[in-house]
Amino acid sequence: MSGYRLSVGGRINRAAPLSFTFDGKAYQGLEGDSLASALLASGVMLFGRSFKYHRPRGILGMGSEEPNALMTVERGPARMTPNLRAPSVALHAGLAAKSQNRFPTLRRDLTAVNDTLSAFFPAGFYNKTFMWPRAAWESVYEPIIRRLAGLGDSPTTRDPDHYGATYAHCDVLVVGAGPAGIAAAVEAAATGGRVILIDEQEEPGGGALADPAQWADLAASLAALNAADNVQILSRTTAIGHYHQNFVVAVERLTDHLAPTDAKGAREKLWRIRAGRVVLAQGAIERPLVFDGNDIPGVMLASAARTAALRYGVAVGRSVIVMAVHDSGWRDALALMAAGVTVSTIIDLRQDVAAELVDAARGAGIAVHLGCAVTSARGRLGISSITYAPGGTVDERAIACDALLMAGGWTPTVHLWSHAKGTLRWDGAWGAYLPDTTHEVMTCVGGCGGAWDYGSGLALGTLPSAKPLHKRKGFVDFQNDVKARDIGLAVQEGFRSIEHIKRYTTNGMATDQGKTSNLNGLQIASDVLSRPVTEIGLTTFRPPYTPQTFGALLGHHKEALFQPLRKTAIDDWARDHGAVYENVAQWRRARYFPRGAEDMDAAVLRECLAVRDSVGMFDASTLGKIEVVGPDAAEFLNRLYTNPWKSLAPGRCRYGLLLREEGFIMDDGVAGRMAPDRFHVTTTTGGAARVLNMMEDYLQTEWSDLDVWLTSATEQWAVIAVQGPKARDVIAGLVSGIDLSREAFPHMAVREGHICGVPTRLFRVSFTGELGFEVNVPAQHGRMVWEAIHAAGQPYDITPYGTEAMHVLRAEKGFIIIGQDTDGTITPEDAGMAWAIGQKKPDFVGKRSLARPDLVAQGRKQLVGLLTEDGTHVLEEGAQIVADPDQPVPMTMIGHVTSAYLSPALGRSIALALVADGRARMGETLYVPMPGGVIRAVVTGPVFYDAEGSRLDA
Amino acid sequence: MLEIAPMKLSAADLALPAEALVADGVQLALADDYARFSLRARDAAILEGLLGRKLPAKIGETLDGVACLGPDEWLALLPAGTALPLGEGLPVSVTDISSRALGFVVEGPRAVELITSGCPLDVAKFPIGRGTRTVFETVEIVVWRTAEARFHIEVWRSFAPWLWHALAAAA
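So the sequences go chain by chain: A and B. Note that the first sequence covers residues 275 to 1228 in my numbering. Note that the second sequence covers residues 14 to 184 in my numbering.
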């Protein structure tokens, strides 16, 4: 308990106290506080437990770099957000925060035994230790390790919030509203173009917020920017990624800073910004120093203490020591003294420190120890003293304190620069990487560009110590609990590249992405390897800059809007008639129409029998349709599909098979020739987009000589399949302008006319094996025509059927379904469809591949029928097939079941299967080993019903 | 296993409402019926000759209800019932797609902001009369600026309910 509120200073509103709770205990802060500053002001030092060793941790930094103080904030039922960084959480009335990763309480954490045993938990410990027995990993080791070493808990209820998203365009985007960013924005605004200035903090100002001398200028600049109508300032907005061509993604937090009762509208908003020029002004992050006890609560960055005092009016302690290797620590110490914080001592490893700093410190009454280093910090739940020694030797002296500030120099924030593939160069004076070259129209200004005066200093891996590295307990990565000695161990075990060292030790792999640890880790590796830092490499910066909610990334695409669900024009009718649906690609389709208490099997049986005995109707609107038009339309299809097209007369249809270049079946469908230069091509439901893409691809890249154009017509037409012996009778009274007679309108023909007074393309085709028509009408009339056919079919008890009955009916006829009976490795020959290949054609897509030796070799899987010996037994789709069930395991599998149903027409089960050399096995008994026993089945042809096709021609 | 409560509203529940949506600064309504044609030709002059009308020359330009969408592609939005000659035998493609899409009208001072919420183009810089194919999030649309504060949006029929509700959520 050492921090307290200073009597003056800061940007908080002392007239506006706010009550909040932390771990159930009531506290009071002030308007303008962050959760971190309010707790510090209340004397709280212990903010959390570390990830691996459960060590007590306090505040390290006062910005988004904070690795330790991760909190769960609850905003009412279902609104629980874990892993928020306390310095980045704005205080509001009633805020309820909880610490994480402790059991049972933050102060008495029993799992901290990990810390006592930490010598046994070196880098790679889990990988090395929990390898055997293999099976125990999922069931025993991982669950326990996850519970012990974890972050906050995930919410367990549906997120009630919604999230916004937008694109935005500007001439200049400035990321970071510190002094450099604001100056860049002012300059850009003067040119008249659109300017967006984004900043992650509660208010713009950046580092200037912790420097009262700049407040007047800051206010004036912001007033000017706010007044300019070409400038948009987005506070509480974090630029999380910078992609090609100046595309920057940012997340704006809209309501989390408000009390839940005041929160209205979207919680967060995703900004996708395309900028003519990007100015990065992200500043720099102070580096911690590595020494024993550097993670004890009360040890923090000097910049954090400065921000606490000058922005929030909070002293982090009553007796503060500064350990500096950089001038900025001295400046911060002097600023703290001026603000009323007692700094007792400055220790600096350097012998030569600018005289004006030393004189000013001594003049302020601060004890100064040059050429010295802190060798340890002591205390358990909070720091109580330190030891220091000249040059880090054994000649230690102790000083009592309640806060120790680290000034280890500055790391420019080059994350976004690097996301956009900007290169970096090592700068010895900064001891850090600075922006170098870029292909984007992008500049770095201020601290992140290396253009800010923090003074000078050293860049160190660790503070000097008399102990050997492997005995030291200084932390490098506070969030992932990586110590300097872990990096030493990684090098000792043979890792040389920082990319490998990082993964072995997990240094920099926590949610803070190593904002405070990467450079120290790099320096330590460099020291241990005795090679320059630039030879160690640098890890990659990846978006997002800070952790984000899934909601923010989803934007509009949440719940009902997650993705479009496509419905046909007839879908509402199906819903009103009790349809059970299934999703096919993005479409939902009626699967069956149960009557009363029917289950699927009963409904499908009834629907199938209706089609065979009388007539059924089916919504086939989702079939892909492509209008192929132009003088070269037939030539185009001829080159693309396996079948011959040029000879097809207008008014006739043909089944088409489409291969990929490898010779494997990709799609199929019926095409009708509407006119010499116009085809109505159908595709599978799921294949519509990729077939059109493939067609366009060939047309634009291979056959640009052809005068032919493609128009997607899938959504133009509603398609109603009327199938069954009575199909003609049903539609006869509705159709005008088309002679429906068997002679005038044969199977595989297409006619144009009218139905119910609207234009139709009427196909005489069948996917059921029965007399059938497919009525195409403009989609807006689909529902009306469907209802008219349904009414006209009542004398025949017309039965709407769904996709399940359609699957059974086609399987009875041995018609394949692409993707079910084929798997991307099936040729027409394999599928028994060599008849679909135009043998006289000089070429088509895939033709050459069909002659490849492995595609004509013996032993390829071929499509056959399977009849189980027990006709009541329906095989499982996907089940494997063997020739000898008594062979030793692992058995030689010769094929698998692709389709299996109970066939109403045959009164027994049927199946289609892909079996090696299947057509040579007719009559052979094969075996399907299943958990319940081996099933025997006899190989047959794939057509189970009306093999001669007499019903089609009815 | 965690039990997650069912959604109050699922994708299957989304439907086009009968009435226009009026929000602060913007309103969304279904457009009137149109006759829609996809017009294709390598040589625009042949199409112009066939149709007896001038076609816009550059992608994004519109002229008398026709938008140029690509180097050889135009979208015609004509009064409902309009018939066009199909140009059989000519190196052109004229295809009736009247029923393929629905039109939305987005109107009001916040129209640009609403469309920009999901469309990556710089819609604010569209001159009046610009019409172009683009996307709203994952859904293909055609955006046509018909007045300073009014846009016509074309969307394929089955995507229209999603688009309507996505726009409504952003409005």
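There could be a bad hint or two in this list.
Unchecked claim - Here are the simulated lysine to any residue pairs, SDA-like style, with alpha carbons at most 25 Å apart:
1. B:LYS21 - A:ARG548
2. B:LYS21 - A:ALA834
3. A:LYS538 - B:THR95
4. B:LYS21 - A:HIS436
5. A:LYS372 - A:VAL460
6. A:LYS832 - B:LEU103
7. B:LYS138 - A:SER428
8. A:LYS543 - B:GLY121
9. A:LYS920 - B:SER23
I should point out that these hints are in silico values taken from the structure, not numbers from a laboratory. Quick caveat, the model's predicted, so the values are computed rather than measured.
Hint by hint, here is what the structure shows:
Note on B:LYS21 and A:ARG548: the hinted pairing is violated, with a Cα-Cα distance of about 35 Å set against a maximum of 25 Å. A threshold of 25 Å between alpha carbons decides the hint, and for B:LYS21 with A:ALA834 the separation of about 9 Å falls inside it, so the pair holds. Straight-line distance between C-alpha atoms of A:LYS538 and B:THR95 comes to about 48 Å, which puts the hinted pair past the 25 Å bound. At most 25 Å may separate the alpha-carbon atoms for a hinted pair to count; B:LYS21 and A:HIS436 meet this at roughly 13 Å.
For the hint pairing A:LYS372 with A:VAL460, the CA-to-CA distance comes to about 41 Å; that exceeds 25 Å, so the pair is violated. Among the hinted pairs, A:LYS832 with B:LEU103 is inconsistent with the structure: their alpha-carbon atoms are about 48 Å apart, more than 25 Å. As the CA atoms of B:LYS138 and A:SER428 are separated by approximately 43 Å, the hinted pair breaks the 25 Å bound. For a cut-off of 25 Å, the pair hint linking A:LYS543 to B:GLY121 stands: about 22 Å separates their Cα positions.
About 47 Å separates the Cα atoms of A:LYS920 and B:SER23, which puts this hinted pair outside 25 Å; it is violated.
In this structure, the hints that do not hold are numbers 1, 3, 5, 6, 7 and 9, in rising order.
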